[in-house]
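Undergrad: The residues making up each chain are set out below.
Number of protein chains: 2
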Amino acid sequence: MTSDSAAVNALDLSHFSLTRVLNEDTHSKTVYLLGTLPYSASNGGETRTEPALLIVERLHFTTAEANQLVAKRLTETGSTGQNDVYHWLRGRLRGYASDAADDEWDVKLTVVVPATEAHIRKYTRQERRMIRETPDIYQRVVLPYVEHLPKSRIHWLYNILDGIGEREHVLFNDPDPAHGFMLLPDSKWDKRTMESLYLLCLCHDRTIRSLRDLRAKHLPLLTNIRRQVGQVTSAKYGVPANQLRLFFHYQPSYYHLHVHVTHIQNTQLGGMTVGQAYLLDDVIDMLQLMDDYFQKCTLTYALGQDHPLYAALEEAGATADP
Amino acid sequence: MTSDSAAVNALDLSHFSLTRVLNEDTHSKTVYLLGTLPYSASNGGETRTEPALLIVERLHFTTAEANQLVAKRLTETGSTGQNDVYHWLRGRLRGYASDAADDEWDVKLTVVVPATEAHIRKYTRQERRMIRETPDIYQRVVLPYVEHLPKSRIHWLYNILDGIGEREHVLFNDPDPAHGFMLLPDSKWDKRTMESLYLLCLCHDRTIRSLRDLRAKHLPLLTNIRRQVGQVTSAKYGVPANQLRLFFHYQPSYYHLHVHVTHIQNTQLGGMTVGQAYLLDDVIDMLQLMDDYFQKCTLTYALGQDHPLYAALEEAGATADP
Chain V
15 MTSDSAAVNA LDLSHFSLTR VLNEDTHSKT VYLLGTLPYS ASNGGETRTE PALLIVERLH
75 FTTAEANQLV AKRLTETGST GQNDVYHWLR GRLRGYASDA ADDEWDVKLT VVVPATEAHI
135 RKYTRQERRM IRETPDIYQR VVLPYVEHLP KSRIHWLYNI LDGIGEREHV LFNDPDPAHG
195 FMLLPDSKWD KRTMESLYLL CLCHDRTIRS LRDLRAKHLP LLTNIRRQVG QVTSAKYGVP
255 ANQLRLFFHY QPSYYHLHVH VTHIQNTQLG GMTVGQAYLL DDVIDMLQLM DDYFQKCTLT
315 YALGQDHPLY AALEEAGATA DP
Chain P
15 MTSDSAAVNA LDLSHFSLTR VLNEDTHSKT VYLLGTLPYS ASNGGETRTE PALLIVERLH
75 FTTAEANQLV AKRLTETGST GQNDVYHWLR GRLRGYASDA ADDEWDVKLT VVVPATEAHI
135 RKYTRQERRM IRETPDIYQR VVLPYVEHLP KSRIHWLYNI LDGIGEREHV LFNDPDPAHG
195 FMLLPDSKWD KRTMESLYLL CLCHDRTIRS LRDLRAKHLP LLTNIRRQVG QVTSAKYGVP
255 ANQLRLFFHY QPSYYHLHVH VTHIQNTQLG GMTVGQAYLL DDVIDMLQLM DDYFQKCTLT
315 YALGQDHPLY AALEEAGATA DP
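The listed protein sequences correspond, in order, to chains V and P. Take 15 as the starting number for the first sequence in this note's numbering and just add one per residue. Take 15 as the starting number for the second sequence in this note's numbering and just add one per residue.
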């Protein structure tokens, strides 16, 4: 393994010597390694030990693999938890070498059984289309839909605001009925990994259904959220305001104004895509420039074809070219 | 394997019978399978064959694994390509069962050798901070930086616009000096998979450096791009306008106005995060509402601490609480 042996192939990775791990992406299962490698330039020069970057990314399952995954590949599983119809396991694929440590597993398994139609729909591939929601389409299509949603859909949220539900989860409460809010951890957060921090901020004001209702008069509420959320995360988690993304969703999953709070390094979340997410900072800035911006603007966003609003929006021409 | 055998464990996955693949996520290496599973409710009822969702996600490398990946785990590699200092290979980890097909590989490997400091910086974990770029900070910090960038940085782009470089790649050209643009495939696209379609639209107007220069007078250019790009992708790829995301970046990687064009199903791209990406539709709508919106607004975005503008922005107070 001398670095200047002429017999060394320019890319014989068995000669790779690790210096350090530069980065990793837990979402795409990729590690970025820095090391050295004996290398001779293609013009036939001397072989020298050069700095080398090695990026290793796990491959996706092939179609053939996906079809035979359980029948032919899964050799061993172990349970890691259960809640209602959800079961979590980990598993090993194919044969694994005898020197593999006992705590090394190949895949994470989630089983939903018995699975309902709603579960199946949730995990089935969805076609999306870009929607251009003009103020007129909001008034004719979206607002009537929102107004006819059963109030029972947000009972869980009113329970929290009333101090009945999830009291043990509340991180902070400013009880002011106009400018106050409650801050709680989102269920997507494990409450330990700071870089995946995800909190939810629920306004006490029950009259604001979404972005579309916001006016300049709500600026004290919005700037209060911006100021106090940063103070809470700074004191509780050592994460100051300039390491947070605060944003709204449109369409939201429920029509009571709430703000998503995530760590700036948490870049792989689906819900931060432009069009779906609106930064609290941008919303504040727009309202400062124009009181009725959200009543006058056209909101453009991607929507799945099984969203309850999709058919009516398409019918109203929101998916057509402008 | 009868479905009502009392001996069947509620979650013995060896009894999972696949109905169909519901979805897959090639980025996170996850497959969503629908099937059936013998299942007895926890209250001890009869075992019945129930619909079951099975989600299988490849696990990330453990820290111990990352450190020993090449030394202990990589058993076999095969080259798939090379370009300059970039080498691509695929590899197998640990022992694989003798019945594994020859075309099944575990990891994709990218080697950069010899790696420069710039390569290493690019792949090293970066700390980010939220930047609030007020109009004043733009004038004092960003604009002088942009004006002093060497023109040579965008020679490659002027070569394309002048018809000298990459002529074979140009998909469409509207030569109008004020409202025209060129459309090309982005290097990130494989030119085959429609769902990862990624095109780049370069304006002929050389006076517009970024979003910050846009005024209502540019609306004919912007609406021309919106109209014609959809027509080209529809005719060439069967992808109509309502299946496209058209957006700008801020900060952009070069200061000559360009529009990113991606497929709506391509949801895992890093560059579409709110704050970094601005939908062409939103920009058009804002300029229709307010001629000087982009001169008056505060732009909020996450910036890596090794961005050439970072130190000056921090010095100017752009990372501080408002």
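Read the hints as simulated data drawn from the structure, not as lab findings. Some clues are possibly wrong.
Listed next, the in silico DSS-like pairs over lysine-lysine satisfying Cα-Cα at most 27 Å (straight line) [as the list claims (entries may be wrong)]:
| # | chain 1 | residue 1 | chain 2 | residue 2 |
| --- | --- | --- | --- | --- |
| 1 | P | K205 | P | K122 |
| 2 | V | K310 | P | K136 |
| 3 | V | K231 | V | K165 |
| 4 | V | K136 | V | K205 |
| 5 | V | K122 | P | K122 |
| 6 | V | K231 | P | K86 |
| 7 | P | K136 | P | K231 |
| 8 | V | K122 | P | K86 |
| 9 | V | K310 | V | K231 |
| 10 | V | K86 | P | K122 |
| 11 | V | K205 | V | K122 |
| 12 | V | K310 | P | K310 |
With the Cβ distance kept under 8 Å, some of the chain P side facing chain V (calculated, not the full set) [claimed, not checked]:
| # | residue |
| --- | --- |
| 13 | V70 |
| 14 | A80 |
| 15 | T207 |
| 16 | M286 |
| 17 | T287 |
Chain P stretches covered by chain V per the calculated footprint, using a threshold of three residues with CB under 8 Å from any CB of chain V [stated by the list, open to error]:
| # | segment |
| --- | --- |
| 18 | 36–50 |
| 19 | 301–312 |
Note that the structure is predicted; figures quoted are calculated from it, not measured. Even for Gly, the Cβ is constructed at its ideal location relative to N, Cα and C.
Undergrad: A separate judgement is required for each hint: does it hold in the structure or not?
TA: Right, here's what the structure says about each hint:
1. K205/P <-> K122/P: With Cα atoms ~20 Å apart, K205/P and K122/P stay inside 27 Å; holds.
2. K310/V <-> K136/P: violated, 41 Å
3. K231/V <-> K165/V: Holds: K231/V and K165/V sit about 25 Å apart, inside 27 Å.
4. K136/V <-> K205/V: Measuring from Cα to Cα gives roughly 25 Å; hence the hint holds.
5. K122/V <-> K122/P: holds, 20 Å
6. K231/V <-> K86/P: It is violated: about 63 Å lies between the C-alpha atoms, which goes past 27 Å.
7. K136/P <-> K231/P: It is violated: about 37 Å lies between the C-alpha atoms, which goes past 27 Å.
8. K122/V <-> K86/P: holds, 23 Å
9. K310/V <-> K231/V: Measuring from Cα to Cα gives roughly 16 Å; hence the hint holds.
10. K86/V <-> K122/P: Within the cut-off at roughly 23 Å; holds.
11. K205/V <-> K122/V: Status holds; Cα separation ~20 Å.
12. K310/V <-> K310/P: Since the Cα atoms of K310/V and K310/P sit roughly 18 Å apart, the hinted pair holds (cutoff 27 Å).
13. V70: holds, 5 Å
14. A80: holds, 5 Å
15. T207: violated, 13 Å
16. M286: It holds, given that the least Cβ distance between M286/P and chain V is near 5 Å, below 8 Å.
17. T287: Result: holds, 5 Å to nearest chain V Cβ.
18. 36–50: Held - the segment 36–50 of chain P has 12 residues with a Cβ nearer than 8 Å to chain V, which meets the minimum of three.
19. 301–312: holds (count 6)
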